[in-house]
Amino acid sequence: MSDTEIRLARLEARLQALQDHVAVCQVIARYGPQADTADTYDRGLKVGALWAADGVYELAEGWAGQGPDGIAGLLDNDVHRALVRDGAAHIPSAPHVTLRGDQATAINYSRVYKHVDGAFVVWRVSVNHWTLTRTDGGWKVQRRVNRLLNGSDEARAVLRAIDQAA
Amino acid sequence: MSDTEIRLARLEARLQALQDHVAVCQVIARYGPQADTADTYDRGLKVGALWAADGVYELAEGWAGQGPDGIAGLLDNDVHRALVRDGAAHIPSAPHVTLRGDQATAINYSRVYKHVDGAFVVWRVSVNHWTLTRTDGGWKVQRRVNRLLNGSDEARAVLRAIDQAA
Amino acid sequence: MSDTEIRLARLEARLQALQDHVAVCQVIARYGPQADTADTYDRGLKVGALWAADGVYELAEGWAGQGPDGIAGLLDNDVHRALVRDGAAHIPSAPHVTLRGDQATAINYSRVYKHVDGAFVVWRVSVNHWTLTRTDGGWKVQRRVNRLLNGSDEARAVLRAIDQAA
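Residue numbers (my numbering), protein chains in the order written: chain A, 4 to 169; chain B, 4 to 169; chain C, 4 to 169.
These are computed hints drawn from the structure, not numbers from a lab.
These numbers were taken from a predicted model, which means no experiment stands behind them.
We put the beta carbon where it would ideally sit given N, CA and C, even for glycine.
Please note that the accuracy of each hint is not assured.
To be verified - The following label-pair restraints were derived from C-beta to C-beta distances:
{"id": "1", "chain 1": "A", "residue 1": "Thr7", "chain 2": "B", "residue 2": "Glu64", "range": "49 to 59 Å"}
{"id": "2", "chain 1": "A", "residue 1": "Glu8", "chain 2": "B", "residue 2": "Asn153", "range": "50 to 60 Å"}
{"id": "3", "chain 1": "B", "residue 1": "Gln106", "chain 2": "A", "residue 2": "Arg103", "range": "26 to 36 Å"}
{"id": "4", "chain 1": "C", "residue 1": "Thr136", "chain 2": "A", "residue 2": "Leu62", "range": "37 to 47 Å"}
{"id": "5", "chain 1": "B", "residue 1": "Ser5", "chain 2": "C", "residue 2": "Glu157", "range": "55 to 65 Å"}
{"id": "6", "chain 1": "C", "residue 1": "Val124", "chain 2": "A", "residue 2": "Ala12", "range": "51 to 61 Å"}
{"id": "7", "chain 1": "B", "residue 1": "Ala122", "chain 2": "C", "residue 2": "Ala56", "range": "33 to 43 Å"}
{"id": "8", "chain 1": "A", "residue 1": "Ala160", "chain 2": "B", "residue 2": "Ala122", "range": "25 to 35 Å"}
{"id": "9", "chain 1": "C", "residue 1": "Glu8", "chain 2": "A", "residue 2": "Leu62", "range": "45 to 55 Å"}
{"id": "10", "chain 1": "B", "residue 1": "Val124", "chain 2": "C", "residue 2": "Gly121", "range": "11 to 21 Å"}
{"id": "11", "chain 1": "A", "residue 1": "Gly141", "chain 2": "C", "residue 2": "Thr43", "range": "37 to 47 Å"}
{"id": "12", "chain 1": "A", "residue 1": "Gly141", "chain 2": "B", "residue 2": "Glu157", "range": "25 to 35 Å"}
What the hints assert, rightly or not - Computed, partial: chain C to chain A, Cβ under 7 Å:
{"id": "13", "residue": "Leu14"}
{"id": "14", "residue": "Gln37"}
{"id": "15", "residue": "Arg88"}
{"id": "16", "residue": "Gly90"}
{"id": "17", "residue": "Tyr116"}
Okay, chain A solo, but in the shape it has when bound (with noise of 0.2 Å):
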C-alpha cells in the first residue's frame, strides 16, 4: 500500500473505534428514558429492543430475562408500573467502555429515584457490568449485570471488572 493509503486505513480504523465508543454510550443512555416510561408491556419491549435476540439482564442470583421479550415481562409488574405512574428515574453513570472488534464491555453506575409524597427518594444505587455485541441493527446487550451496592461479596465482583478493563 502506498503511504496515503495506509495513513487513511489507519484513520479509517482509529474513528471507527471512536464511533462504537459513542454508540456504545448511546445504547446505555437509551435504557432510563425507555424504563421511566414502560408502563405496558408493549412499551417494555421498546426497552428490550436495546438487547440482542438472546441477550439477557440480570438483575441479581436468579432474576433474569432473556431476549427483548423476556425484558418486557421483567418490568412487567407493579412495582415497576407504579414507579412510572409515581415518578421515577433510572440514571446512569457515564461508563467506562473497552472495545474488542464486535465486543464491547462497559462498566458504569446506575441510579433509580423514585418520587414520594413530593419528595425524591434514592431506591437503589447498583453497578452494572454490560456485554455489548455489535449486530446488523447496530450495538445491542448481549449481557446486563447489575448488582446493589449493598456491600455483598457479588457487587465488589461486578465493581472490580474494572481491573481487566483496558
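Fit chains B and C to the given chain A structure using the hints.
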C-alpha cells in the same frame, strides 16, 4: 472524485459528526458549574451565554426565559441565590444525542442537590429535552425543556422523546 | 505538502484530539470502581495508578496525597474500608474537558452514596478540578482538587474554573 478523495471526504464527514456529538455534550456539561455560581445577574449571563440569542429555557409550563438575558433573569431570584450561597449541585446525566446537520437534540436527566444543615438533599430530579443549533459561536441551546419527574403526563411525554431519537 | 497530505494531517490532528478527550473521560470513569473496592493498601495502589508519579489528590485544604503510594495511603483508613465493606458508590458526572496538547483539564461533579441500614444516603456532593498529563503510560492525573459543595468560597472557586475552560 478519486478513491482517495472519496475516502477523505467520508472521513471528514464522520469526524465532524463525532466532534459535533462531543461539542453538544460539552455545552450540557457547562450548565451545572455556571448555574451553581450564578449568584448575580452578571454571572447568570454566563449561564445565558449557553443559549442562542432567541433560545428558550422552559422550566415548567408557563415558566420560561428567552435569550441570554431572559435566562439570567430566570436565575436572578432569592431561591437560586440561596442555593449558590448554601451549596448546591445541578448535575446532568450523560446525554443521548441525535445529530441532524446543524441541529441536534439531546435527552438527559438532571438533579439538583442542596446542602441543608450539613447534609445533602436530592431536591429535584428532572428530564430534559434539548434542541441545539450550530452558530458562528459554536453549538448553542435553542430550547431546553425541563420537567420534574413527579409522575405527570408532561414529564412522561418528555421522556418519550427518546422514541424519536436516532 | 499536497492537498491530500494537508487533509490527512488535519484529520490525524482532529482525531487525536477526540481520542484524547475520550481517554481523559475513561481515566475519570475508572476512579469510582477502583475506589469502591479499595479495602486494602494494595487495592488502593490501583486507585493511585490513575495518578502521575508526582500527581496530587487534594481532598480539602491541607488534606492531600501525592503519587500512587500517597493516594493509596489516603484511602487506607477505617472510614474508607467501612464504605467498601458496607456498600458505597463514588459516582462522577460526565466531565467538561479542555485539551491543551499534552495537558488537559476537566471539571465535573462527584457524589458518594453509602449504604446504611438497608437504604442509600447521599453522603458527599463535590466538585472536582482535574489536571491530566499525557505520559508514556497514557493519560494520568497530575492534580485533582475536590471540594465539598457546602457553600464555601473554596467550592465556588473550583466551580468557577469553568469560566476558563475552552
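Do the hints match the structure? See the list:
no.	hint	result
1	A/Thr7 to B/Glu64: 49 to 59 Å	holds, 57 Å
2	A/Glu8 to B/Asn153: 50 to 60 Å	holds, 58 Å
3	B/Gln106 to A/Arg103: 26 to 36 Å	holds, 34 Å
4	C/Thr136 to A/Leu62: 37 to 47 Å	holds, 40 Å
5	B/Ser5 to C/Glu157: 55 to 65 Å	holds, 58 Å
6	C/Val124 to A/Ala12: 51 to 61 Å	holds, 52 Å
7	B/Ala122 to C/Ala56: 33 to 43 Å	holds, 37 Å
8	A/Ala160 to B/Ala122: 25 to 35 Å	holds, 31 Å
9	C/Glu8 to A/Leu62: 45 to 55 Å	holds, 54 Å
10	B/Val124 to C/Gly121: 11 to 21 Å	holds, 20 Å
11	A/Gly141 to C/Thr43: 37 to 47 Å	holds, 41 Å
12	A/Gly141 to B/Glu157: 25 to 35 Å	holds, 30 Å
13	Leu14	holds, 6 Å
14	Gln37	holds, 6 Å
15	Arg88	holds, 6 Å
16	Gly90	holds, 4 Å
17	Tyr116	holds, 5 Å
Of the numbered hints listed earlier, not one is contradicted by the structure.
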